[in-house]
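For the record, the sequence lines run as chains W and R.
Going by the working numbering, the first residue of the first sequence is number 5, and it counts up by one from there.
Going by the working numbering, the first residue of the second sequence is number 5, and it counts up by one from there.
By construction, these hints were calculated from the structure, which means they are not laboratory data.
All C-beta atoms, glycine included, are put in the ideal place defined by N, C-alpha and C.
Please note that a few of the clues may not be correct.
Facing chain W, a subset of chain R residues (Cβ under 7 Å, in silico) [as the list claims (entries may be wrong)]:
#1 Val29
#2 Ala31
#3 Gln35
#4 Leu50
#5 Thr52
#6 Ala96
#7 Cys120
#8 Ala121
#9 Gly189
#10 Gly190
Each pair of labels, with its calculated beta carbon distance range [to be verified]:
#11 R:Arg165 - W:His188: 23 to 31 Å
#12 R:Gln35 - W:Arg156: 38 to 46 Å
#13 W:Glu176 - R:Arg104: 50 to 58 Å
#14 R:Gln35 - W:Arg146: 25 to 33 Å
#15 R:Glu107 - W:Thr32: 46 to 54 Å
#16 W:Gly99 - R:Arg133: 15 to 23 Å
#17 R:Glu18 - W:Gly99: 36 to 44 Å
#18 W:Glu34 - R:Glu18: 27 to 35 Å
#19 W:Glu34 - R:Pro109: 46 to 54 Å
#20 W:His188 - R:Glu168: 34 to 42 Å
#21 R:Glu107 - W:Val29: 54 to 62 Å
There are 2 protein chains.
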Amino acid sequence: MPTATENISVTLPEWCERFAAPGEVFATAEQRMALAVRLARENVRLGTGGPFGAAVFEQASGRLVALGVNSVERLRNSALHGEMVALMFAQARCGSHTLRAPELPAHELYTSCEPCAMCLGALLWSGVRRVVCAASREDAIRIGFDEGPVFRASHAYLEARGVEILQGLLAEEAREVLRDYARHGGLVYNG
Amino acid sequence: MPTATENISVTLPEWCERFAAPGEVFATAEQRMALAVRLARENVRLGTGGPFGAAVFEQASGRLVALGVNSVERLRNSALHGEMVALMFAQARCGSHTLRAPELPAHELYTSCEPCAMCLGALLWSGVRRVVCAASREDAIRIGFDEGPVFRASHAYLEARGVEILQGLLAEEAREVLRDYARHGGLVYNG
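Looking at chain W on its own, in the form it has when it is part of the complex:
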């Protein structure tokens, strides 16, 4: 039995390093979302995880801060959805448990699919100011994923605390990744 001080290591797949570099500028909302969707597609194509990708940017400059891809099966850790991985790396790079630290610029997260209940809660604690989604909760449910207890009031709760949520950007491209994953019999893990 391992000791209590063993460590759990959260990593990105190696191909991510060649894919986009932190610091690279993505000027428009479409460019930022296109990156999140391409991450989802590559994660499926290369067999490194579920059909979900995310990225954190500095809102004003468009500088890429961190990438995330679904890593649940690869790292045997059900918490490692794409959004969670991107937020963890963003906070590690900023050296802060909140992206709203006074010395930091505003941050936003782009995700290829609307966040599940866990990720929505995580976004609230992360300090991002805006979340932009491509595919919807219904799109994920359609291929068999459970999205957890998210209600209209859940989004309103975040909005009331200064986290803007935008939906449907490049939705068709993101849905295509979900459909492709389902068509090839990708693992659908739920509770």
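Since the structure of chain W is provided, determine the placement of chain R on it from the hints.
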């Protein structure tokens, strides 16, 4: 700027190693919860994090599988609530992204405080069969923590998917830890 393949390391504070060993048997529900509450108290006393502790057990045998303490500030990672840390270590030890893998016995999580929105979602994906809570959402809110979008329907959602939720075991002991943390001016981080 670090590369994409850097790693994020999730660790427990060193004192946890001397505190309880995985494999140790906690026969009753009260003993299991007492461990979670002691973890919360030690985390405050030793200055290693927020006033929240959790532990995962094999349900039938009472064998301890993993510990967790709030590690948000220590590891600069807003996802690392006590429940999240305990679940991550439990899955690492079981070598599975779900504690409901066919070869595994039923697992349950004890937490010194009712899970926030993120942790509730995470519990659904984790594969635990039962969640037992000490202090309530209201107790955490009373000392200034935001618990996120959790509604009565959120608990019902988990119950409907076979995750039993029990509340109020050793609640007074857990509340005392929360009050103590507030009294000594511990960091209350929110979104």
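Residue hint R:Val29, partner chain W, criterion CB-CB below 7 Å
Result: violated, 13 Å to nearest chain W Cβ.
Does the Cβ distance between R:Glu107 and W:Val29 fall inside 54 to 62 Å?
Check failed, 48 Å falls outside 54 to 62 Å.
Holds or violated: 34 to 42 Å for the Cβ distance of W:His188 and R:Glu168?
holds, 35 Å
Interface hint check: R:Cys120, Cβ to nearest Cβ on chain W, cutoff 7 Å. Holds or violated?
For R:Cys120, the interface hint holds, since the closest Cβ of chain W sits about 6 Å away, which is under 7 Å.
Just to be sure I understand the hint, the distance between the Cβ atoms of R:Glu107 and W:Thr32 should be within 46 to 54 Å; is that true here?
Given a distance of about 49 Å, which is inside 46 to 54 Å, the answer is holds.
Given R:Ala96 was flagged as interface, is its beta-carbon under 7 Å from a beta-carbon of chain W?
holds, 5 Å
Is the interface hint for R:Gln35 satisfied, with its Cβ closer than 7 Å to some Cβ of chain W?
violated, 18 Å
Can we keep the R:Thr52 interface hint, with Cβ of chain W closer than 7 Å?
With a closest approach of 12 Å, the R:Thr52 hint is violated.
W:Glu176 paired with R:Arg104, Cβ distance criterion 50 to 58 Å
violated, 34 Å
Interface hint for R:Gly190, Cβ within 7 Å of any Cβ on chain W:
Hint violated; R:Gly190 Cβ to chain W Cβ min 14 Å, cut 7 Å.
R:Ala121 as chain W interface residue, shortest Cβ-Cβ below 7 Å
At 3 Å from the nearest chain W Cβ, R:Ala121 passes the 7 Å test, so the hint holds.
Under 7 Å is the threshold here; is the Cβ of R:Ala31 close enough to any Cβ of chain W for the hint to stand?
R:Ala31 check fails; min Cβ-Cβ to chain W is 19 Å, beyond 7 Å.
The structure does not agree with the numbered hints 1, 2, 3, 4, 5, 9, 10, 13, 14, 16, 17, 18 and 21 stated previously, though it agrees with the rest.
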